[in-house]
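**Q** Residue strings, one per chain:
2 protein chains.
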Amino acid sequence: MDIAVLGTGSVGRTLAGKLSELGHVVVVGTRDPEATLARGESDAMGNPPYSVWQADHPAVRLAPFAEAAVSGELVVNATGGGGSLDALAQAGAENLAGKVLLDVSNPLDFSQGFPPSLFVKDTDSLAEQIQRAVPAARVVKSLNTVNCKLMVDPANVPGDHVVFVCGDDEQAKEQARGLLGELGWPAERVIDLGDIAGARAVEHYILLWIRLWRATGGPQFNITVATP
Amino acid sequence: MDIAVLGTGSVGRTLAGKLSELGHVVVVGTRDPEATLARGESDAMGNPPYSVWQADHPAVRLAPFAEAAVSGELVVNATGGGGSLDALAQAGAENLAGKVLLDVSNPLDFSQGFPPSLFVKDTDSLAEQIQRAVPAARVVKSLNTVNCKLMVDPANVPGDHVVFVCGDDEQAKEQARGLLGELGWPAERVIDLGDIAGARAVEHYILLWIRLWRATGGPQFNITVATP
Numbered sequence: 047m048d049i050a051v052l053g054t055g056s057v058g059r060t061l062a063g064k065l066s067e068l069g070h071v072v073v074v075g076t077r078d079p080e081a082t083l084a085r086g087e088s089d090a091m092g093n094p095p096y097s098v099w100q101a102d103h104p105a106v107r108l109a110p111f112a113e114a115a116v117s118g119e120l121v122v123n124a125t126g127g128g129g130s131l132d133a134l135a136q137a138g139a140e141n142l143a144g145k146v147l148l149d150v151s152n153p154l155d156f157s158q159g160f161p162p163s164l165f166v167k168d169t170d171s172l173a174e175q176i177q178r179a180v181p182a183a184r185v186v187k188s189l190n191t192v193n194c195k196l197m198v199d200p201a202n203v204p205g206d207h208v209v210f211v212c213g214d215d216e217q218a219k220e221q222a223r224g225l226l227g228e229l230g231w232p233a234e235r236v237i238d239l240g241d242i243a244g245a246r247a248v249e250h251y252i253l254l255w256i257r258l259w260r261a262t263g264g265p266q267f268n269i270t271v272a273t274p
Numbered sequence: 047m048d049i050a051v052l053g054t055g056s057v058g059r060t061l062a063g064k065l066s067e068l069g070h071v072v073v074v075g076t077r078d079p080e081a082t083l084a085r086g087e088s089d090a091m092g093n094p095p096y097s098v099w100q101a102d103h104p105a106v107r108l109a110p111f112a113e114a115a116v117s118g119e120l121v122v123n124a125t126g127g128g129g130s131l132d133a134l135a136q137a138g139a140e141n142l143a144g145k146v147l148l149d150v151s152n153p154l155d156f157s158q159g160f161p162p163s164l165f166v167k168d169t170d171s172l173a174e175q176i177q178r179a180v181p182a183a184r185v186v187k188s189l190n191t192v193n194c195k196l197m198v199d200p201a202n203v204p205g206d207h208v209v210f211v212c213g214d215d216e217q218a219k220e221q222a223r224g225l226l227g228e229l230g231w232p233a234e235r236v237i238d239l240g241d242i243a244g245a246r247a248v249e250h251y252i253l254l255w256i257r258l259w260r261a262t263g264g265p266q267f268n269i270t271v272a273t274p
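If you read the sequences in order, they're chains A and B. Last residue of the first sequence? That's 274 in this note's numbering, and every number before it is there in order. Last residue of the second sequence? That's 274 in this note's numbering, and every number before it is there in order.
None of these hints come from the bench; they were simulated from the model. Predicted model only: the values in this text are computed from it and were never measured. Warning: the hint list may mix true and false statements.
Same chains, same label: a pair holds when it works inside one copy or across any pair of copies.
Stated by the list, open to error - In silico SDA-like links for lysine to any residue, alpha-carbon gap of 20 Å or less:
no. : residue 1 : residue 2
1   : LYS145    : HIS103
2   : LYS195    : GLN217
3   : LYS195    : PRO274
4   : LYS167    : GLY55
5   : LYS145    : ALA112
6   : LYS195    : ALA272
7   : LYS195    : ALA135
8   : LYS195    : THR273
9   : LYS64     : ALA139
10  : LYS145    : VAL203
11  : LYS145    : GLY205
12  : LYS145    : PRO110
13  : LYS167    : PHE156
14  : LYS167    : GLY128
Required output: the full structure, derived from the provided sequences and hints.
**A** Put into structure tokens, the structure is as follows:
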């Protein structure tokens, strides 16, 4: 499938690399490809320059947001939450119309340092903001509850831990579940939380995720749901 | 131990009944004991009148909030979140000073119907509001992430599912963990999330809990944390 991955940070790279490895034709979207490739320093998170990653992934093309969006049958929003609406505006609503828009971002507000707070409150979510901004896209929220290494390699952590999907378009959720299956998340480990307002639940879960990161000593963990 | 349980709803009754069964001397606190006992109808949640429950639990005494608080070496806040600060004001800061105040409530706002939203946002929590209102109490947040039947009988759901504690007083957390152990939560299934601001995480988790209730078909479920 032709897939656009918006965002050149660790989440975007990890997803783009894995989807390319799985045989998809992946275009990564960024604001300004030349500027992205010109950066010679590691970023604030310690990720090496994009050009270094690019050299290891020659099959993955880098393009401006709009060109990436045009190329994708399915579009992944892997930009930082604070930049997502702007990135999607640059991608262009007309280039996203009718497409599954898999939103894996988190609405993190680092303006007061670490730990971040959220820039949405409990009666809204970034995924809903995205759906409102691009009404013709079929937004599915998923994968934002796990570290990006776990997104593409759930076996990094043993057990039947789970991820979630939510969205207003049932068929879009099915398509997203198909892609999740390719990434290693079988259907029984993908919990459907209902409509796109379910994104409030998984985005606010990040507050617990951050505390669990501290408590467990690292970002490689996930939750399972135990039932009788 | 002498334990005060504030609140006469299903959470208060369930905890009071179990703690009494475990041998503790339990006093349940309410605004007006006569009014509580005079009610002849089931409440909005379908709980039978308190007098019916009282008849089955003769060892549990009902008293005004302040009298209950005075009696307890440890105090449990099991009031509805919306009424917690008022109940604790009635209990009296002087009667709570120096005591472990185990807060199991949730900051649910039902003013717009179901599902509820939260009346605290991500940079605050009800537990922190309680700690600020009663600075001399040693507030520990716990158990709010599970249904009350599961609070007192974790074996209702198989597996090593977990609960959380957080609070600013390490010794108070240890005492709370002791009580959790008596309820069936061994130390390795009680995750310490750090200071009282960790309550933001577990209170906002309720948004996910509500969606999981729908997804799993009932309130008897819980999460486990899978690590490598």
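**Q** So, against the hints stated earlier in the document, which numbers end up violated here?
**A** The structure breaks hints 1, 2, 4, 7, 9, 10 and 11; every other hint is satisfied.
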